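Start from the sequences and build out the full structure, keeping to the hints where you can.
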Amino acid sequence: MNKILIIFTAIFACLFSAPEIKAAEDSHGESKLDPKEIIFEHLGDGYGWEVPFNHHKRIPLPVIVFGSDGLHIFSSSRITDGQEYVDGKTTFKLAGKDSDFKGKVVEIVDGKELRPFDISITKNVCGIFIAVIIVVGLMLWLRSYVNKHGYKAPRKGLGFLELLIDFIYGSVIKSTLGAKSRKFAPYLLTVFFFIFIMNLLGLIVIFPGGANLTGNIAVTLVLAVLTFIVTNLFATRHYWKEIFWPEVPLWLKFPLPIMPAIEIFGMFTKPAALTVRLFANMMGGHMIVIVLTLLIFIFAAVSPVAGGATTVVSVLFSIFMLLIDVLVSFIQAYVFTMLSTIFISLAQVEEEHLKEEHDHQLQTK
Amino acid sequence: MELFTPDFGLIFWMFVAFAVLFFILWKFAWPVILKNVDSRADLIDKGVEYAQNAKQQLDSARQQAEEYVAEARRQQAEMLRDADRIKTQIIEEARSAAQVEAQKVMDSAKVQIQQQQKEAEQQFRNQVSEFALDIAEKVVKNQMSDKQAQTKLVNTLLDEIESKN
Chain F
1 MNKILIIFTA IFACLFSAPE IKAAEDSHGE SKLDPKEIIF EHLGDGYGWE VPFNHHKRIP
61 LPVIVFGSDG LHIFSSSRIT DGQEYVDGKT TFKLAGKDSD FKGKVVEIVD GKELRPFDIS
121 ITKNVCGIFI AVIIVVGLML WLRSYVNKHG YKAPRKGLGF LELLIDFIYG SVIKSTLGAK
181 SRKFAPYLLT VFFFIFIMNL LGLIVIFPGG ANLTGNIAVT LVLAVLTFIV TNLFATRHYW
241 KEIFWPEVPL WLKFPLPIMP AIEIFGMFTK PAALTVRLFA NMMGGHMIVI VLTLLIFIFA
301 AVSPVAGGAT TVVSVLFSIF MLLIDVLVSF IQAYVFTMLS TIFISLAQVE EEHLKEEHDH
361 QLQTK
Chain B
1 MELFTPDFGL IFWMFVAFAV LFFILWKFAW PVILKNVDSR ADLIDKGVEY AQNAKQQLDS
61 ARQQAEEYVA EARRQQAEML RDADRIKTQI IEEARSAAQV EAQKVMDSAK VQIQQQQKEA
121 EQQFRNQVSE FALDIAEKVV KNQMSDKQAQ TKLVNTLLDE IESKN
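Residue numbers (this note's numbering), protein chains in the order written: chain F, 1 to 365; chain B, 1 to 165.
Bear in mind the hints are in silico, worked out from the structure with no lab data behind them. Keep in mind the model is a prediction, meaning the values are calculated, not measured. You may find that some hints are simply not true.
Facing chain F, a subset of chain B residues (Cβ under 7 Å, in silico) [said to hold, decoys possible]:
| id | residue |
| --- | --- |
| 1 | 14 |
| 2 | 25 |
| 3 | 34 |
| 4 | 90 |
Glycine residues also receive a C-beta, built at the ideal position from the N, C-alpha and C atoms.
This is the structure:
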């Protein structure tokens, strides 16, 4: 309960502190409001982590790049505000607004900007590590409880955690995968809790939250690809037969493999759907809150009265949206896990099972 | 659009982070937790089954107990009836025995009375005869004062004896 309170307090604090940040920004001379810039800055990745109440100071994070002459590791504070950083013979800087690599680290070779091989610990990477630490911490906490107390039911926070595990394991994984649930449960539960924690971290505006993790297509892509790998790696022989030689009239698969082509296409649409669904849902939620907050400044530029009125409405709507996002965080993690479970179970079909179903259908007809 | 182009560095770290997370949880957390969840589910299932069995047993036990109680009532009633019958029988027997005894006593009393009566009669008779003899003696003494009368009587008596024989 206390933790939830803290989360909400943080959300409120940030909502109400937002005007101050922007006001400070204005006084620094960036008088012209560029909503698009602000939205994408908040949704995107970065080489440092913003601190509350100060738009210029950032927590520096390590930049790791493979330049033209090898590995370079340096702090992101060295390249802030358009500074150029010279490491040995190579020069690095953050690409400007007009560059193709806007906001990314680039290597300057003969006056041209080249994008090095970049595996920096960016804000999002750091956020992912924090999410990993939280999930591992929670699960090891539960593990130590289980080791200590056996199957006595935990209370309070751990009770909620176990309730979630029981819910996902019992009503999603077990009911879909049946006897094979123990084999795939570790992957699916890991995915669920990782996504859930990342979603919630995204809703907390200040460090250690604030990184738009699941609203980033790279993150959801990796998760979807992992589900794709698990699905196809453990697929039964019958699943592959259904793809390359399905039970359809011969002309549909030979000489032109129409059905196999469609089936193979279907293999890849599933992870694509997973990627886009989670990404779009989470990014949409974040974007709405940011836009609602920005409305205050857009209207304040028109007239102070309009700005004041919009503040009340925007803050109320933002709170409402953030509360809905808490729900969406859970629902999207749940949906991702459920769809992964279904995709995996579809690849676990056995021949006899299908035959039985087919016979049953014939009988009912 | 920057948002729609996945960044390689992020993909790389995401993959590494997920691999590490999955390995740790797969190795240390999930086996213990899932085993616990499963075993608890089993325990609950068993508990429910046990409770159902227990309820069934309790129901049958209750039924049996009711049967026993009914049986006991029946036996009790029977016993009471038996006792009643035996009581009346005993009373009857006692009564008849008493009657017999009383009859005996009465009979013996009757016999005794009769005997005593006889004895009394005998005594009375003896006395009467004694009195009679006394009286007769006295009468005879008075009458037999003169000789003639004596002879006359003797003769009369002798005549009588003679006529009897």
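Subject >> Structure-inconsistent hints, enumerated in ascending order >> reply: The structure conflicts with hint 4 only, although it agrees with all the remaining ones.
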